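The primary structure of each chain is shown beneath.
2 protein chains.
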Amino acid sequence: MSEVITPKEQDYSKWYNDIVVEADLADHSSVRGCMVIKPHGYAIWEKMQQALDKMFKDTGHVNAYFPLFIPKSLFEAEEKNAEGFAKECAVVTHYRLKTNPNEKGKLIVDPEAKLEEELIVRPTSEAIIWNTYKGWIESYRDLPILVNQWANVVRWEMRTRLFLRTAEFLWQEGHTAHATKEEAITETKQMLDVYANFLENWMAVPVVKGVKTANERFAGADDTYCIEALMQDGKALQAGTSHFLGQNFAKAFDVKYVTKENKQEYVWATSWGVSTRLMGALIMSHSDNKGLVIPPKLAPTQVVIIPIYKGDEGLKKVSEVANEIKKKLQEKNISVKYDDRDSQRPGWKFAEYELKGIPIRITVGERDLANNTIEVARRDNLTKTTIQINDAETYIENLLVEIQKSLLANAKLRMQNLTTNVDTYEEFKNVLDNKTGFVYAHWDGTPETEEKIKEETKATIRCIPLNNPEEIGVCVYSGKPSKQRVLFARSY
Amino acid sequence: MSEVITPKEQDYSKWYNDIVVEADLADHSSVRGCMVIKPHGYAIWEKMQQALDKMFKDTGHVNAYFPLFIPKSLFEAEEKNAEGFAKECAVVTHYRLKTNPNEKGKLIVDPEAKLEEELIVRPTSEAIIWNTYKGWIESYRDLPILVNQWANVVRWEMRTRLFLRTAEFLWQEGHTAHATKEEAITETKQMLDVYANFLENWMAVPVVKGVKTANERFAGADDTYCIEALMQDGKALQAGTSHFLGQNFAKAFDVKYVTKENKQEYVWATSWGVSTRLMGALIMSHSDNKGLVIPPKLAPTQVVIIPIYKGDEGLKKVSEVANEIKKKLQEKNISVKYDDRDSQRPGWKFAEYELKGIPIRITVGERDLANNTIEVARRDNLTKTTIQINDAETYIENLLVEIQKSLLANAKLRMQNLTTNVDTYEEFKNVLDNKTGFVYAHWDGTPETEEKIKEETKATIRCIPLNNPEEIGVCVYSGKPSKQRVLFARSY
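Chains as they are written, first to last, in our numbering: chain R, 13 to 504; chain L, 13 to 504.
The set of hints was computed from the structure by calculation and includes no laboratory data. From a predicted model like this one, the values you see are computed outputs, not experimental measurements. Each residue gets a CB set at the ideal place from its N, CA and C atoms; glycine is no exception. Don't take every hint at face value.
Result set (SDA-like, lysine to any residue): computed pairs, CA atoms no more than 20 Å apart in a straight line [stated by the list, open to error]:
(1) R:K110 with L:K99
(2) R:K66 with L:A63
(3) L:K146 with R:R379
Now the stretches of chain L that chain R is said to cover, found in silico as 3 or more residues with beta-carbon under 8 Å [to be verified]:
(4) 138 to 148
(5) 238 to 251
(6) 365 to 376
(7) 392 to 400
(8) 448 to 462
What follows is a set of in silico ranges between Cβ atoms, one per label pair, in the way DEER data are often shown [what the hints assert, rightly or not]:
(9) L:P358 with R:E277: 49 to 55 Å
(10) L:Q428 with R:R357: 18 to 24 Å
(11) R:K193 with L:T397: 35 to 41 Å
(12) L:N114 with R:Q428: 18 to 24 Å
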C-alpha cells in the first residue's frame with residue numbers, strides 16, 4: 013500500500029500530490045484548475061472550520077453570507093483592488109442556455125440572454141460587502157461591524173496545485189468596520205494572532221508573524237500582516253493574511269458614519285482570511301513516505317482499532333474487548349473507529365490507516381488477550397508499545413496530547429534548523445540553493461532591491477517580522493545601510 | 013418598534029418581507045435576485061445546518077465538495093436534467109478583465125480571454141458529481157457512496173423573493189450511488205423521513221410526505237418525493253425533495269460497477285436537498301405582527317434577560333441576579349444573552365427581541381428583587397408570568413420544551429383546519445378562493461387534467477401522499493374514475 017507514495021527524497025512535488033490523491037483528500041476535476049475535496053479531506057477541513065469558527069465567535073464575530081457575484085461596476089470601484097484581481101476573474105456574461113438548433117440534445121449559450129452588466133465571480137468580497145455596509149452604517153452606534161463569511165471564491169490561476177493553488181477554493185473572509193484607525197489596526201493584529209494560535213496549537217505548525225512589504229501587499233490594503241510557515245522542503249508557505257484596509261473601501265463606496273461629536277467620518281476597515289490552502293500546509297508539515305500524518309486535534313478519526321483473530325469465535329472474543337475500549341474512549345470524547353471488516357487483512361488495514369494519517373492504531377489480537385494486553389502504534393513516529401487493556405483510556409488520552417506536542421516540537425525544531433542569518437549575497441544564494449529554508453538578511457528597504465533579488469534568486473521577502481529586533485547592518489544586495497533583518501525565502 | 017411590520021391581514025406578502033428585513037434576517041443586494049443573509053438570519057441557518065448535518069452523519073453520510081462550475085459538455089450529458097435547468101443557468105464565458113482603454117479606472121471583459129468551453133454555474137450538481145463518481149466506482153465494494161455537499165447554487169429566477177426564491181441560494185445536496193434499485197429507493201425514502209423529522213421536531217412545522225406527479229418531477233429523476241408544508245396564508249410550500257434518479261445519470265456518465273457475480277451493471281442514484289428556503293418556511297409558519305417567532309431548538313439566543321433599574325447602584329444589584337441566572341441557564345446548555353446596554357430603554361429592548369423572535373424574555377426588575385421574583389415572557393403566545401428566582405432554571409428549561417411543543421401543536425391544528433376534502437370542481441374552486449389551504453380531491457391521473465386545473469385555478473398537485481388510502485371516486489375535473497385523492501394547493 014505505502015508504495016503508492018513516491019518518496020519525498022525522490023520527487024517532493026510528486027510525493028505531495030500522491031498523498032493528496034492516495035489519502036483520499038482531494039482530486040483533480042474535469043473543470044480546469046478546480047478540485048474535488050474528497051470525504052477524508054473535507055472531514056479534516058470541517059475540523060479546521062469548527063475550531064476557527066469558535067475562535068472567531070469567541071473574539072466577538074458573527075457569520076453572514078454575501079452574494080457570489082459582484083457587478084462589474086462595484087468590482088472596479090476600489091481601483092487598486094480591482095486592478096490586483098482583474099487578471100484572474102471568472103466572468104458571467106449570460107443567464108440562459110438554449111437548445112442547439114444544429115445539434116440535437118446539445119445546448120448553446122442563448123445570445124439573447126446577455127447580461128447588461130457582467131458579473132464577476134468573487135475572487136474576494138470587499139467590494140460587495142462594503143457596498144452592503146454602506147446601508148448598515150449610519151452612526152458610531154452601528155460600529156464596529158465584526159462579520160465573517162465562509163464561502164467559495166474563484167481566482168483564475170494558470171498553474172494550479174491541489175489545495176495550494178486552485179481556481180476555486182473554500183475559505184473564510186472576515187470583514188470588519190471600525191470607527192477609528194487604532195481599533196482597526198488592533199483588530200487586524202488580533203486576527204493574525206488568532207491564525208498563528210490556530211496553526212501552532214491545532215495544526216502543530218509554527219509560524220513567523222510579520223508584515224508584508226509594499227510589493228507583496230494585498231491589493232487595496234494599507235498593510236498586510238501575514239503568517240509564514242516552513243514546509244519540509246525548505247520552502248515558505250503563506251498560511252494566512254490579515255489586512256488593514258485603511259479607509260480605502262469606505263472611500264470607494266462612500267461609507268461614512270456620524271461620530272459622537274456629530275461629525276461625518278469615513279469608516280476604517282480590515283479583512284482577513286485563511287483557506288483550504290491550510291490543508292496543503294498541514295500535509296506538507298507532518299507527512300512522511302507512508303502517507304499523511306494528522307495532528308490529533310484535527311483528526312476526524314483519532315484512533316482506529318484493528319482486530320487480529322482466527323474464525324468467528326476469535327472475532328467475537330476480540331470484538332468484545334475492542335468495543336469496550338471504543339466505548340470508553342468515546343466517553344472521553346475521543347473519536348474511534350473499529351474496523352472489523354473481514355474483506356481486508358490486518359496488514360492492508362495498517363497501511364491504509366497509515367496512509368490516511370490516523371494518529372493512533374490499536375491492535376487487539378486474540379493471543380494478546382491472554383495477557384490482557386493490546387498493541388498501540390503511533391502514526392507520527394511509527395513506534396509501537398504493548399499496554400495493559402485496563403490502562404487503555406488514560407494511556408490513549410495522554411498519548412494524543414503527547415503526539416500533538418511532539419508534532420509541534422518537531423516542526424519547530426525543523427524551522428529552527430532551517431533558519432539562517434546571512435550577511436553577504438554569496439551566502440544568501442548559497443543557503444537558498446543548498447540548505448534552503450528561512451533566511452534573515454539585511455535589506456535596504458527599496459522595492460527595486462527586493463525585485464532584483466527576486467529575479468536573481470526566486471526568493472521573496474516573506475515578511476518583516478513583528479517585534480523585529482533593531483540591528484544595524486548593510487543590505488546584502490546593495491550594501492546600503494539597513495536597520496533590521498527581514499525574512500526571505502523561496503515560497504509556494 | 014413593532015409598527016415597522018405591516019400587519020399580515022393587511023398585506024401578507026409585505027408582512028413577510030418586513031419580517032425578513034426588519035428582523036435582520038436577510039436583505040436584497042445590488043446583484044439582481046441575490047440576497048445578503050444577515051447575521052441573525054445566518055445564525056438560524058447555522059443551527060439548521062448543524063441539526064441536519066448530524067442527522068445526515070447519523071444515517072451514514074459524509075461531506076465532500078465538488079466544483080462550482082460545470083463544463084457545458086458535462087452539463088448537457090443527462091438531457092432531461094440539462095433541459096430542465098437550461099433556461100436558468102448563469103454562464104461563465106471569460107476568465108479575465110482588462111483596463112478599459114477608453115475610460116481610466118474602468119475595466120472591460122478581455123475578449124482574448126474567452127473560454128473554449130463555457131462553464132455553467134451549478135444549478136444542481138448531479139452532472140459534475142456523477143462525472144466524478146465514474147472515477148470512484150469500479151466494483152460493488154465501492155458502493156454505496158453516501159455523500160452530501162453544503163454549497164451555494166445559482167438558478168436565474170425572473171421573480172425572486174427573499175429566502176423563498178433567489179438567484180443564488182445556499183443548500184445541501186446529497187448524492188448517493190447504490191448497487192440496487194431497492195437500496196436506492198430505500199435511501200430516497202429514508203432522506204425524505206429525515207427531512208420530515210427535521211421540519212416537525214426542529215422547525216415545528218408539520219408536513220405531508222408524498223410523491224410528485226410526472227409534471228412536477230425533478231428534471232432527470234424517475235421519482236421525486238417531497239415534503240409539503242402549509243403557510244399561514246393557506247399556501248403550500250415545498251420544503252424539501254428527495255429524488256430517485258434511477259440509472260439516468262449512471263447511463264449519461266457511463267458509471268458501471270462489477271457485481272459479486274462479475275457482471276457489469278449501471279449504478280443506481282439518489283439526490284436530495286433542502287435550502288435556505290427553509291428559512292422562509294420557518295418565518296411564515298410561526299411569526300406574527302410583532303415579528304419573527306423562532307422555535308427554541310433553532311434559536312441562536314433562546315433567552316434574553318433585560319434589567320429594569322434606576323441608577324448605577326440599581327444596575328449593580330439587578331446585574332448580580334441576572335448574571336447568576338444566566339450562568340445557571342448556560343450550565344444547562346441554554347443560550348442566554350444579558351442585554352444591559354444603557355443606550356436603549358427596556359421598552360425598546362422588549363420590542364427588539366420580539367421582532368427578532370427570541371423565545372423567552374426574562375425581566376429582572378429592581379423592585380421585584382424584594383420578592384425574589386422575575387418576570388418571564390413567552391414570545392410565542394406573548395403571555396407573561398412571575399416566578400421565584402430559585403425556580404428559574406427548571407422553569408425556563410421546561411418552558412423551552414413547552415414552547416417548542418406548542419408551536420408544533422398550533423401549526424398542526426392550523427394544517428388540520430386548513431385541510432379540506434372536496435368532491436366537486438365548484439367546491440374545489442370555492443375552497444381555494446375562500447378557505448384556502450390543502451385540498452384533497454380525486455384526480456383522473458392524467459397530465460392533461462392536472463394542467464387544466466392549474467391553468468384555471470393556479471392550484472397544482474403538491475403530491476400524492478405516501479400511504480394514501482385507496483378510495484373509489486371520480487375526478488373533480490373530468491368525472492373519470494379515480495382510486496385515490498391527491499393533495500392540491502396553491503403554492504410558493
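- Item | Non-conforming hints, listed in increasing numerical order | As far as the earlier hints go, 3, 5, 6, 7, 8, 9, 10, 11, 12 are violated by this structure, in ascending order.
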